[in-house]
Amino acid sequence: MAETILVVDDDLDILELLKMNLEPEGYKVQTASDGDSAVQSACTDPPDLILLDVMMPHKNGFQVVEELKDIEETKNVPIILVTARGQTEDKVRGLDTGADDYITKPFDLREVTARVEAVLGRTRPIKYINPLMRAMGDGFSEKGLEQLAGHLQAAAAIQKKLLPEQAPNIDGFDIATLLQSSTSVSGDFYDFIPLSETQIGIVLGDVKGSGIPAALLMVMIRTALRLLCHEEEAPASILKRINDLVVQDTEADLFATMIYGILDTTDSTFTYSNGGHCYPFHWTQDRNITRLKTGGMLIGAFKEATFTTDFCLMAPGDIIAFYTDGITETGIGDNTNSEGNQSIATSPESDDSNEDAILTDIFYGGDRLAACLSENTSLSASALCEAIVEDLARFSGSTQTHDDRALIVIKRDV
Amino acid sequence: MQVNVRHKGNITILDIEGKVIGADALALKSIIDQQIEAANNEAEQEEKLNLILNMERVQMMDSSGLGVLVASYTTIRRNDGRVVLLNLGGNIRSLIVMAKLMTIFDCYNTEAEAIGHFL
Numbered sequence: 036m037a038e039t040i041l042v043v044d045d046d047l048d049i050l051e052l053l054k055m056n057l058e059p060e061g062y063k064v065q066t067a068s069d070g071d072s073a074v075q076s077a078c079t080d081p082p083d084l085i086l087l088d089v090m091m092p093h094k095n096g097f098q099v100v101e102e103l104k105d106i107e108e109t110k111n112v113p114i115i116l117v118t119a120r121g122q123t124e125d126k127v128r129g130l131d132t133g134a135d136d137y138i139t140k141p142f143d144l145r146e147v148t149a150r151v152e153a154v155l156g157r158t159r160p161i162k163y164i165n166p167l168m169r170a171m172g173d174g175f176s177e178k179g180l181e182q183l184a185g186h187l188q189a190a191a192a193i194q195k196k197l198l199p200e201q202a203p204n205i206d207g208f209d210i211a212t213l214l215q216s217s218t219s220v221s222g223d224f225y226d227f228i229p230l231s232e233t234q235i236g237i238v239l240g241d242v243k244g245s246g247i248p249a250a251l252l253m254v255m256i257r258t259a260l261r262l263l264c265h266e267e268e269a270p271a272s273i274l275k276r277i278n279d280l281v282v283q284d285t286e287a288d289l290f291a292t293m294i295y296g297i298l299d300t301t302d303s304t305f306t307y308s309n310g311g312h313c314y315p316f317h318w319t320q321d322r323n324i325t326r327l328k329t330g331g332m333l334i335g336a337f338k339e340a341t342f343t344t345d346f347c348l349m350a351p352g353d354i355i356a357f358y359t360d361g362i363t364e365t366g367i368g369d370n371t372n373s374e375g376n377q378s379i380a381t382s383p384e385s386d387d388s389n390e391d392a393i394l395t396d397i398f399y400g401g402d403r404l405a406a407c408l409s410e411n412t413s414l415s416a417s418a419l420c421e422a423i424v425e426d427l428a429r430f431s432g433s434t435q436t437h438d439d440r441a442l443i444v445i446k447r448d449v
Numbered sequence: 002m003q004v005n006v007r008h009k010g011n012i013t014i015l016d017i018e019g020k021v022i023g024a025d026a027l028a029l030k031s032i033i034d035q036q037i038e039a040a041n042n043e044a045e046q047e048e049k050l051n052l053i054l055n056m057e058r059v060q061m062m063d064s065s066g067l068g069v070l071v072a073s074y075t076t077i078r079r080n081d082g083r084v085v086l087l088n089l090g091g092n093i094r095s096l097i098v099m100a101k102l103m104t105i106f107d108c109y110n111t112e113a114e115a116i117g118h119f120l
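So the sequences go chain by chain: X and L. Just so we're aligned, residue 36 is where the first sequence starts under our numbering, counting upward by one. Just so we're aligned, residue 2 is where the second sequence starts under our numbering, counting upward by one.
Hints should not be assumed to be uniformly reliable.
[As the list claims (entries may be wrong)] Here are the simulated lysine-lysine pairs, DSS-like style, with alpha carbons at most 25 Å apart:
1) LYS126(X) with LYS54(X)
2) LYS140(X) with LYS94(X)
3) LYS338(X) with LYS49(L)
4) LYS30(L) with LYS338(X)
5) LYS110(X) with LYS63(X)
6) LYS49(L) with LYS9(L)
To be clear, the hints were calculated from the coordinates, so they are not data collected in a lab.
Whole structure, please, built from the sequences with the hints as guidance.
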């Protein structure tokens, strides 16, 4: 579901500018041009966030914040104040009244988007937990909720640190990665582990299940892999040992799919085992795509799982693309709801989309991903990642994602 | 998604209809969990859950749906029950093939064959 932002400003040009800037980011934007209509709009249909101008005639931004914080429906809606005055006093007063952040005019539009995303990132967990806790009873205080949300934030921060900040530099290869998380803690992960001067271990995985338990499993798998990859050689043996470890220690609802492989730069081979993960593509110079299927079951659910290893040869110009199902299962519009279908139908690029296409192509799918890859093989690895993200946005009509998405592209230099 | 629960002797059949994606997958999980619990509560008869998931009318399933199948399978097995799949469509079959789970799940094309699994 798209998040709604209420933008309040008496300057209609600024309203329009913010709307035009926020909508392409996937937010639904409502507007109000004075304090009273802002309060009214926020009460009837509480938004996920309010961008509120301070300097307005009749009722200023501070007064609006005070009013909203007194109303049950709106007291938890985060507010970012937009102020022309850069004075500390104003900022303090704004934050004192209960605003979550402020932006000073004149503002950079990128800053607005970044602050909106940061505030929503902080408040999303609370919004998510609230109904859950209410369902469990009244045992949780407001403070307890905030603590829990804080822990989620901390978990997300730790998890981010575990992911490599950038793809490794390897002679003769061009490697790029991409990770988009739908919630603060991600189930998708990747890692690059130097094994020797000429060998690097590469893993891409997707932990099923959600929230903290899934994040913990991801940390467990990552740690196990980091230790085991120096002991065992064959990727299949490593997956088997991780599987057995996870089966012992986790509940039935938790498991992962992952592919682990070793890229050897001396002979340009990629030796891998695929544990139930969606098949990576190997694009070869003769314009063929093979899917890297060899491996075994998904990881962590079945004791009896066995794994096999296979390898492929990367000729100059060859590309291997790994991805998680958050990419291939990207839906049209807002996760296949009716609103989403409408936005496709009215999109100017959808001339050739008919009812059948919408019904049969609810998901982006592996074939379209393969096609996108084949059309953009001349690009660099990072540009190829971008091209895929753009194609996903074209397909879904939104730049937001509802599932985690991860992508690794490895291209051998020509 | 809609789920119809039927019983044939000591076999429970869930006729699943519609899309098993996202939140619907969770709903299916809780329906299956209820069946597991119900079977466990009938401890007197020592009846374990014998479950057939009829997927004939499932239009679409995603990885969260597959997750439910796996989680259900392991939970039912831990409770000494058994589960089989009936009438897999192409989309579901390819998900199961990709996760390399064809050897785990017993799949049948007719209800009679699926029932035969438990006899």
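So, going through the hints one by one against the coordinates:
Restraint check for LYS126(X) and LYS54(X): the C-alpha separation of about 24 Å stays at or below 25 Å, so the hint holds. Restraint check for LYS140(X) and LYS94(X): the C-alpha separation of about 19 Å stays at or below 25 Å, so the hint holds. Simply put, LYS338(X) and LYS49(L) have alpha-carbon atoms about 22 Å apart, close enough for the 25 Å limit, and the pair holds. Under the criterion of a C-alpha separation no larger than 25 Å, the hint pairing LYS30(L) with LYS338(X) is consistent with the structure, at around 22 Å.
Using a Cα cut-off of 25 Å, the hinted pair LYS110(X) and LYS63(X) holds, with the two alpha carbons roughly 20 Å apart. With a C-alpha separation of about 14 Å, the suggested pairing of LYS49(L) with LYS9(L) holds against the 25 Å cut-off.
When each numbered hint is compared with the structure, no violation occurs for any of them.
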